[in-house]
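Quick mapping for you: the protein sequence lines, in order, are chains A and B.
Residue numbers 1 to 256, in the numbering used here, belong to the letters of the first sequence in order.
Residue numbers 257 to 510, in the numbering used here, belong to the letters of the second sequence in order.
Some hints here could point you the wrong way.
So the derived label-pair ranges between C-beta atoms look like this [stated by the list, open to error]:
id : chain 1 : residue 1 : chain 2 : residue 2 : range
1  : B       : Pro395    : A       : Asp228    : 16 to 22 Å
2  : A       : Ala64     : B       : Arg498    : 31 to 37 Å
3  : B       : Val295    : A       : Glu93     : 47 to 53 Å
4  : A       : Pro118    : B       : Lys384    : 19 to 25 Å
5  : B       : Gly510    : A       : Ala154    : 53 to 59 Å
6  : B       : His324    : A       : Ala154    : 35 to 41 Å
7  : A       : Val144    : B       : Gln464    : 45 to 51 Å
8  : A       : Glu93     : B       : Thr332    : 43 to 49 Å
9  : A       : Gly63     : B       : Gly309    : 43 to 49 Å
10 : A       : Arg190    : B       : Gly362    : 40 to 46 Å
11 : B       : Glu479    : A       : Pro62     : 39 to 45 Å
12 : B       : Ser302    : A       : Glu106    : 55 to 61 Å
13 : B       : Ser497    : A       : Glu93     : 56 to 62 Å
Chain B regions said to be covered by chain A (calculated; three or more residues, Cβ under 8 Å) [to be verified]:
id : stretch
14 : 378 to 390
15 : 414 to 423
16 : 436 to 450
Calculated from the structure, these hints are not laboratory results.
Being a predicted model, the structure only gives us computed values, none of them experimental.
Yeah, the Cβ is synthetic: ideal placement off N, Cα and C, and Gly gets one too.
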Amino acid sequence: MQRTAASVTALAVAAGICALGSPATGQTAKSKVAPDPLARGQQVYMEQCASCHGAKGDGEGPGAYILSQAPRNFTLGAFKFRSTRGGEAPTDEDLFRTITKGLAGETGAMMPSFAALPEADRWALVAVVKRFAGITKVGRPVDVPPEPQAKHLAVGAAVYERLQCASCHGSAGHGDGPSSTTLKDDQRRRVWAPNLTRGLFKRGETSKDIYLSFVTGLDGSPMPSYADKATPDELWALTHYLQSLDANSNPEANKR
Amino acid sequence: MTTRREFLAMAGHVGAASAITLFAVRVNAQGVEYKATNVVDGGTISGRARLAGKSPDPDRIIIGKDNHVCGEGHATHDAVLVDADGGLANTVVTLKGIAAGRAWPGGEVPSITQEKCAFHPYVQVAPKDAELTIHNKDPLLHNIHAYELIGRARRTLFNIAQPQAGQVDKHKLELRRGNVVEIDCDAHNWMSAWVFISEHPYAVVTDQAGRFELTAIPPGAYELSAWHPVLGTTAVPVKVSRKAKTTADVAFAG
């Protein structure tokens, strides 16, 4: 019982701080009536997110049909872009980063950046997404050792072959591997293997983003986790190899 | 300003509350938490799962790649296996909603093997939160992709790449709401397997003739339920008396 009382107090205090944190929106008065720490987040969610992700967080928003890649259904609790092990919940920072940065992609297959929202509102959205997803424990972050300076592209190409990335992404990374025609996501919707030669990486274009995708896998999509299936040096070489396939930065790369 | 830490604190409280709820709802269909007890003078139910009607046509999926390992033609790995007498294999027979009975013996080590581009076994039973050991015997990339089935939706439990033969991985089967794990391989879309998660050990998979046996059952009235990945669920009422052997069949209409 003591613990419950303490929790209630902490919630009330946090709610108060929340209210103070957003004076421009008139939350101060409202929060006194309903000291719900998620109230602000819920309000921002309905304004900014629900049109695609749906009022219930199930990815069935009124604008979802127009998109070529379905918005995430938060209620299933699986997230592609994490710094945590496969099958585990993202960290709060992971969710915050996706909300802030957005997700790269072609029109209809991307998520815009919400960096223009006040930081407190973005953290409020993190709490809302976690509630939809029923996240009760944060996943364990994976190790990302420092990126080596040297780029061993031949090694990377060999790792690409050994890990059989070509099975889906194709031998030249064009997304045309033999399995690319049969891929489905967790909701049995047809999905495609990304073309790796366009410099578009949904999570982000930094080396660390690419490296993380190998280790964490992209939950809910067919992309598995390759944790322990290659050494960190090999995965860095693979990262650099994928970057070298980018036809924008390397015009030679995309010649067939 | 609300800081990140404060929001984390809130999220933490929400999390703790949900965790308690989750724990509280770990109950069976009758709303009673399963209680492991020492069963004395328990009874036995044996019988067969049967398919009364016609066997549905399996999905015939073209083996479109890796033919040197996977074989040629069409895969029918989800075929409904019925013997000459109507006995139905790959069916989980369970005492639905049993409130108390013996505990899992312990030491269960559920495992699954990918060989010649098929999962073995196709259907198995595992205790709640058991750790599944995953073997790849094929010299090519498999990615074992496990989902918790929640109604029609699927929630990813894990998705592990095994690009070489001989690789072994382990992952816990931690379900939130459902009791069925669906397993796919995205690299070979015809591959399919199922794990039925049971809180109690009164759940077995039928053999090739559809036979099953459940032992050490506390005397009482139960619902004998059968689940098949293609045919769904069916059930019959059954009574178990002290030390008695009861015979009961469960039949799918097909």
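Outcome of the hint check:
no.: 1; hint: Pro395/B / Asp228/A: 16 to 22 Å; in the structure: holds (18 Å)
no.: 2; hint: Ala64/A / Arg498/B: 31 to 37 Å; in the structure: violated (58 Å)
no.: 3; hint: Val295/B / Glu93/A: 47 to 53 Å; in the structure: holds (50 Å)
no.: 4; hint: Pro118/A / Lys384/B: 19 to 25 Å; in the structure: violated (43 Å)
no.: 5; hint: Gly510/B / Ala154/A: 53 to 59 Å; in the structure: holds (58 Å)
no.: 6; hint: His324/B / Ala154/A: 35 to 41 Å; in the structure: violated (27 Å)
no.: 7; hint: Val144/A / Gln464/B: 45 to 51 Å; in the structure: holds (49 Å)
no.: 8; hint: Glu93/A / Thr332/B: 43 to 49 Å; in the structure: holds (46 Å)
no.: 9; hint: Gly63/A / Gly309/B: 43 to 49 Å; in the structure: holds (45 Å)
no.: 10; hint: Arg190/A / Gly362/B: 40 to 46 Å; in the structure: holds (43 Å)
no.: 11; hint: Glu479/B / Pro62/A: 39 to 45 Å; in the structure: holds (42 Å)
no.: 12; hint: Ser302/B / Glu106/A: 55 to 61 Å; in the structure: holds (59 Å)
no.: 13; hint: Ser497/B / Glu93/A: 56 to 62 Å; in the structure: holds (60 Å)
no.: 14; hint: 378 to 390; in the structure: violated (count 0)
no.: 15; hint: 414 to 423; in the structure: holds (count 8)
no.: 16; hint: 436 to 450; in the structure: holds (count 4)
In this structure, the earlier hints numbered 2, 4, 6 and 14 are contradicted, and the remaining ones agree with it.
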